[in-house]
Amino acid sequence: MKTSIPPQELMRSGHLACQGCGATLAMRYALKGLGEKTVFVIPACCWTILAGPAPKSSIDLPVLHSPFAAAAAAATGVKAGLVARGDRETMVVAWAGDGGTFDIGLQALSGAAERDENFLYVCYDNEAYMNTGVQRSGGTPEGSWTMSTPGARGSPRPKKDLDAIVLAHHIPYFATATPAYAEDMTRKFAKARAVKGFRFIRVLSPCPPGWKSDPKDSVRLSRLAVQTGLFRLYEVENGVARVNVPVPRRKPVGDYLRAQGRFKGLTPEMEQRMQRGVDALWDGVGK
Amino acid sequence: MKKVLMGNHAAAVAAKLARVQVAAGYPITPQTQAFELLAEMKASGEFAGQFIAAESEHSVMAAILGAATAGARTFTATSSQGLAYMHELLHWVAGARLPAVMIDVNRALAAPWNLWTDQTDSLSQRDTGWMQFYCSNNQEILDTVLMSFKIAERVMLPAMVVLDGFTLSHSYEPVDVPSQEDVDAFLPPFNPEFSLDPKRPRTFGALVGPREYLRLRRRMAADMAEAEDVIEEVGQEFGRAFGRSYGQLETYRCEDAETVLVTSGAVGSTAVAAVNALRERGLAAGNLRLRSFRPFPAKALRAFVRPGLRLAVVDRNYSPGAGGIFAQEIKAALRPASGICVRGTVAGLGGGDITVELLQEVWRRAHDAPLSASEAETWAEDSR
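Taken in sequence, the protein lines are chains H and Y.
For what it's worth, the working numbering labels the leading residue of the first sequence as 185, then goes sequentially.
For what it's worth, the working numbering labels the leading residue of the second sequence as 13, then goes sequentially.
Chain Y with its partners taken away, still in its complex shape (with noise of 0.2 Å):
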């Protein structure tokens, strides 16, 4: 049934027809909303499962440790500072390999304040074992919550839904909300092997030492890399049941393209448009946009590139020091590869409008670049 919802209505929704057991939260602007659907759901009985009104982030993140681990689908929102908060808990549960599953609005992080959508929040956490997924529209915030209850049970890794602070999630769409007997088909209850059960004691989070730390995390890193593929499968079998087919790429006119803009978000759409308007003017222009930054999609990356290409890189985000982290990422992922060029542009940040113009002009002169250059990254500002 299609509804007109807002973005962070879209991820209560979806926490709610993944059957989630036990939700928890704190309120922080722009992600309120999705907390306060929870807490209205739960008061009318249309959400079964339990509700926790922490009283802070960092108390909800470990309150999902601890409902987790006794064996619970969990789900939580957080945005900005509340993310930055909730940082140690992020590790403690990737590294209990718990597939908790939370929605990131993106925002900006202090100081100076700044409400707008950046995606730094989210990034800073990219060494946590947090999956994440970025989203271009409120559609694909519904459907990646329940894809990512799916992927993370399957891997036993936690998830992040990440959607652009009020470009989406304050903003209304047409959004087509699937029956939950549908999403009941799709996603079965989740049974882990191990919980805190007294008829079967067992510790976890005990002390380990350098040898067992070190297996426990490649067996990490493996889990993580076979999530690439489980992300691709899941989302085939998305599109099988729903009829939206997902993976770790989206790509646009990207066939024949000489030079392809990199994009992520709510700049993914806009993207779109500016390709549109670039190829009216005959200009061999691309659009690539990345769903995945955790497990970083290299493979689908390298087999994506071809000598000679140009890739536009749009970062909304900036790692002081080194510069667009979705760039630097990039270049790491082809480093083996040659002859390709990849040019980063820091847009956009604390909420900057990234017009279609702006891209055009990111277009450009990355087009214009030399093949072989390696500069340091560029800026770009809406100049209105």
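This is chain H alone, in the form it adopts within the complex (with noise of 0.2 Å):
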């Protein structure tokens, strides 16, 4: 059979996730875009389990793990550390969670951002702590219930704007993805690979324990995500954004928000904000 998505597995069973982890179907899409030659730097995350407790590995490629802070500035060393030693072939990646990007790795970010460094950073948002055990980050959406955002109204603050804050660096290419779209995904990878400088990839990586949601429903949600237009799947080239899934009839936000019992507390006020903040948005960018 032909398949438009490479067959080659690089992720191994066994691994540690949650059932429904997003975080996987990130890493296993991931790995068939990036292929082989391929090293990867991972700050505290739940990467940090999902790749294996020594001596156990749940992916065939080198893995360093870093500090919270600093898995750009790690990945900008190792991709150095490579050149200098004649290997100017082997892709470097930071795979990071929300935390370790919006929060506490984000001047990291942005010195290699800046510095245009030869590297794909990765973000694997599932829009809070989880490997805490889902306390607030930075990619936190408004209303969303997490423990250090208790009481019935959830986080207060909407949701920081990452990929402006990315973009703002005029990096060479950017690019969102999820699971649900695996082609889309996969593609997306295998062109980052072939960029030279820095290259940004956020993936939405639905996460059920945090999202209070049942893991069968983790590549639905992420669709659902992209439906409703709250997440957008687009790409930036030196600039020029497309957007890659385009959205004309978009299902309500709710249908997203209702699914997941993280959003429990949301009044129908904030719905309503926030289905008028994602139909400005699209109304903006046109369909």
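Honestly, the hints are just simulated from the structure, not real lab data.
Fair warning: this is a prediction, and the values are worked out from it, not measured in the lab.
Quick list of in silico lysine-lysine cross-link-like pairs, DSS-like style, CA-CA up to 25 Å:
1. H:Lys400 to H:Lys435
2. H:Lys435 to H:Lys343
3. H:Lys343 to H:Lys448
4. H:Lys400 to H:Lys448
5. H:Lys396 to H:Lys344
6. H:Lys380 to Y:Lys54
7. Y:Lys211 to H:Lys240
8. H:Lys221 to Y:Lys211
9. H:Lys435 to H:Lys396
10. H:Lys448 to H:Lys344
11. H:Lys435 to H:Lys344
12. H:Lys380 to Y:Lys211
13. H:Lys375 to Y:Lys211
Mind assembling these two chains? They're in different frames, but the hints should get you there.
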């Protein structure tokens, strides 16, 4: 059978993820796009565990675990070290969660992006500190329950617009992806491999324990995020933006929000505000 | 070839001679010229390695972690707040058993702001697993950087070469710069057994349980202990190659000394003059300079002392609630020995002058102390 996604598997079974983990799907499709000649730098995040405690490994590639704040800086060093030893081919990938990207790792990310370091930075964005047990991050959406924003109303502030921050660094390639759109995602990682300079991909990554959703719904939720317009699949190449999956008839945001226990406290007013935000954004960029 | 170099430049020139493959840096006073000279040599093609001008010291040391794990010989330079900002990464690099070499230009830590020399920055990093070597002049800085790569790559632990802010970093002295051929013969290329290589996938720094963690720490302890001998061996080897030998301790007129000044860094040079002045007055003075602080030269120190000896330790650092750090460590190392007086003096913090006169006064106070004295540290200040 001919498939549009490479059949080669670089991720192994037996990883330690929760059922329905979006971050394992994200890694699997990323690896299909990236291929073998790749080295990973992983700061503190769920993937610190999922990559395998010593001496186990759930991916067939070299991994350097790095401190929380330093994924982009460690990746800078890895690339420089490989080049210094005569290896210009190997792709270096920093693979971090939203906490290590939106928050503590932002300085190193900004530094590497501004210097146009030659590697790919991936943020698998599950919208909270999931590895430590669901605490709010700068990637947590408004109204979402977390352990550090208890109470009925959840997180009080809107999600940080990281895409805008990253794009402000004039990098050659930027993209968003999510595992429900596997072909789109695999293509973007293959494309990122071919680009030179600093590349960034943000992957929306459903997390059943943190989102209080059913593990079987992870792919459905990641599709709904796109179909409601809350998560846009787009890429920006040398400053030129392109929407990859147009959504001519958007579903109401409530379809996505109501399938997740983390938004249980969301009031109708907040929901309406989110809907208006989505509408304004899409009307702004066209259909 | 003799060249007149400031301490910072002596370090950068040594890094270039060591054929460093990746250098990273961030500007901080009084280290900045080391960083600038590396950038300049990179621009002119004189330095062939990769040069990373990172956005912070935290990222500098993270880049060193990445580059060294990729198998490259690495170098950086920092000082004071910058070193403190690197602290987390110092543990990472040492725990990962990477033989990175860095210079730290000693400078006091805020608050309040202070730009001048003080060892509290480097000594605050004593538990990170980095070896620490203290230099007394610019020749020694260049030589120690070269030796550090060799020592670090043999025991697979990172090394910090420490020099006094301004006193050495900004002072120009004649330095014998060896030829590239001679350095190449002394220091072969770095070829680690393990590195990041897609052909041989391995994981570095993964989670381990208590049993593995303790065993890895024990292994580090064993290698640190071995480093004491390696430092002596490499110091002798360096002497055979370049005519200047080094050990963990340097002694001056100590054979018949009754009271010995114990110093480190540039104060060691001043102490030689102080000892000469005391000897001229017929006093049995000597100077013992500690070149390595990690590993702590406990074996060498125990072999050096004899009953009835007084040690006047000069600490340009202070651990609040405890005292001068060299004095504490010397007391701990000599605890099994008896009949030795160790008297600590804190002096020259934040760049205060430690003069020949001040050292004579410190020596005199220790010389007059009862042998059995076990007293709290004293403080000494330049009276001018």
